[in-house]
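Colleague: Chains as they are written, first to last, in this note's numbering: chain G, 1 to 291; chain Y, 1 to 258.
Just so you know, these hints were derived from the structure itself, not from any lab. Be careful, since some hints might not be right.
[As the list claims (entries may be wrong)] For lysine-lysine, the following PhoX-like pairs were computed, each having C-alpha atoms within a straight-line distance of at most 25 angstroms: (1) K203(Y) to K10(Y); (2) K135(Y) to K202(G); (3) K137(Y) to K66(G); (4) K135(Y) to K66(G); (5) K32(Y) to K137(Y); (6) K218(G) to K182(G); (7) K218(G) to K214(Y); (8) K202(G) to K137(Y); (9) K202(G) to K182(G); (10) K218(G) to K10(Y); (11) K32(Y) to K135(Y).
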Amino acid sequence: MHPAPSIIVFTAISGLGFGLLAWLGVGVPDVTGWSAFAFFFIAYALAAGGLMASAFHLGHPERAFKAFSQWRSSWLSREAVLSVATLLAFGPYALALWLFETRLGLLGAVGSLLALATVFSTSMIYASLRAVPRWNHWLVPTLFLLYAISGGALLSGEIYAAALLFLVLAGAQLLYWRTGDKLFHAAGSTAETATGLGFMGKVRQLEPPHTGPNYLLKEMVFVVGRRRAERLRLIALLSGAILPALVLSIVPAGHLAAAVAVLLHVIGLLAARWLFFAEAEHVVGLYYGRR
Amino acid sequence: MTSLPDRTEKKLGLVIDLDTCVGCHACVVACKGWNTQGYGAPLADLDAYGAEPEGTFLNRVHAYETVPDDGPAAVVHFPKSCLHCDDAPCVTVCPTGASYKRGEDGIVLVNETDCIGCGLCAWACPYGAREMDGKEKVMKKCTLCVDRIYNENLPEEDREPACVRTCPAGARHFGDLADPDSDVSRLVAARDGMDLMPEQGTKPVNQYLPPRPKADRVPSPPPDDGPVDVLAPFLEPVADAPQGFLGWLDRALGAGGR
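Produce the entire structure from the sequences given, and follow the hints as far as they go.
Modeller: Structural data, given as structure tokens:
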């Protein structure tokens, strides 16, 4: 799949924002007043900023409000509804903490659940697509949730929880790559099933339908070099999870250590998300002799 | 509503005969010609006279080569458009309700004024049947020429999709695949019509008729067990190498060349 910067930034940044909100909703860290304002400002900037980035890849952003209507069937619509519900639920909760130094515990807990449900629905947009076998797996929502919760723990200053979660994240990420590499083959789609011509022998593209490019090839057929993918996997794993975990557990706690860990994590997260799209092969490539 | 209908009264669709298709692309041209001026936004061409021309098409003709373990390879021309699937994954992913499958005839359509151009339906389709228009930024797909098949302003013989009407080889057929007695259903039964990518679980309505086996009709040449022609022995070359003066010349020149 074409790794569109707007979607990579959206899923990465908004995931961090909703992850931070999930922690803030259960009172971690237990902040009030201006300190609470700062935390919620960051969380809202990430979550809402990410949502706005997602609008850039729409052909008709002016009709985006229509996307709230099909929550019964569409994960994209559910994501839209849940994200707005989350931001609305946290409004009074954040205001009460900031201005009245009061924690509306129940509202916060509901908000946390909504925040995690938003991340889950984002991941299900991809995980529900059978036509992209690498995405069509339960590890995708697991991974999205782990990125949100571990990144949220880091942003909320939960050093030990974050370090521990980063190790779990590293394991899950490795497992997903190992599993994902086999999913296309396991789905069973080949040039032979795509054309139904397998009974006549091995099927090979003789001539594409048009000499020029087309929307399908630009959007859904993207080939990543093997060595490039390996290098990016290493960056994603080290920078996204292992190094931040090390920094958090070795370097004495402080703003500088936290800033370094956040920077490392975001770089790794972006690399992992780029790979998530770029490595995902759509079965339509089979019609064009490409995977 | 982007939920799929429980069942559709009719299943209008195409039957495409891969045995008959000659790969002339007339269906592609007729489709673009009709659909760029009728229902919905036109089908844009980008950079039409430039270095990388491209455009929106609802129907494209691929060409494949099949290579068996033994025997000669074969070429198959392969038109591909929306299969109007019973279990259409493109419909249920739509966040706005712009994509829908009609309960009365099973046609999958896009309401372009509701489409936000997110492209998710094109991702969900395993067949590459949906293309985002480069100019209008809304999703375009085969409508089964919904503005022809029910159009009482057209003569009756024209009330079928433009691709079917134009096909000079008679490789495309249109009809109700829910009715077991329809011409298309009988064709599918007689010729073992098949689904594309059945493992994707989309239950496509459009059916493809496989090429008929060619080996049965064109027997291989008989084994070569000697001359067939009575004159052949007299026509064989008389000598392998020239002799006499010519032989000397040949050897002399050959040696020089070596």
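Colleague: Compare the structure with each hint and give your call.
Modeller: Checked hints:
With a CA separation close to 15 angstroms, the supplied pair K203(Y) and K10(Y) stays within the 25 angstroms bound. For the hint linking K135(Y) to K202(G), the alpha-carbon distance of about 38 angstroms lies beyond 25 angstroms, and the restraint is violated. This hinted pair checks out: K137(Y) and K66(G) have alpha carbons roughly 16 angstroms apart, not beyond 25 angstroms. Among the hinted pairs, K135(Y) with K66(G) is consistent with the structure: their alpha-carbon atoms are about 21 angstroms apart, no more than 25 angstroms.
Restraint check for K32(Y) and K137(Y): the C-alpha separation of about 17 angstroms stays at or below 25 angstroms, so the hint holds. Distance hint between K218(G) and K182(G) is fulfilled; the C-alpha atoms sit about 24 angstroms from each other, no more than 25 angstroms. Proposed proximity of K218(G) and K214(Y) is contradicted: the alpha carbons are some 37 angstroms apart, above 25 angstroms. The hinted pair formed by K202(G) and K137(Y) fails the criterion: a straight-line CA distance of about 38 angstroms is larger than 25 angstroms.
Distance restraint check for K202(G) and K182(G): the Cα-Cα separation of roughly 21 angstroms lies within the 25 angstroms cut-off, and the hinted pair is therefore satisfied. Note on K218(G) and K10(Y): the hinted pairing is violated, with a Cα-Cα distance of about 35 angstroms set against a maximum of 25 angstroms. Note on K32(Y) and K135(Y): the hinted pairing holds, with a Cα-Cα distance of about 15 angstroms set against a maximum of 25 angstroms.
Hints 2, 7, 8 and 10 from the earlier list are contradicted by this structure; the remaining hints agree with it.
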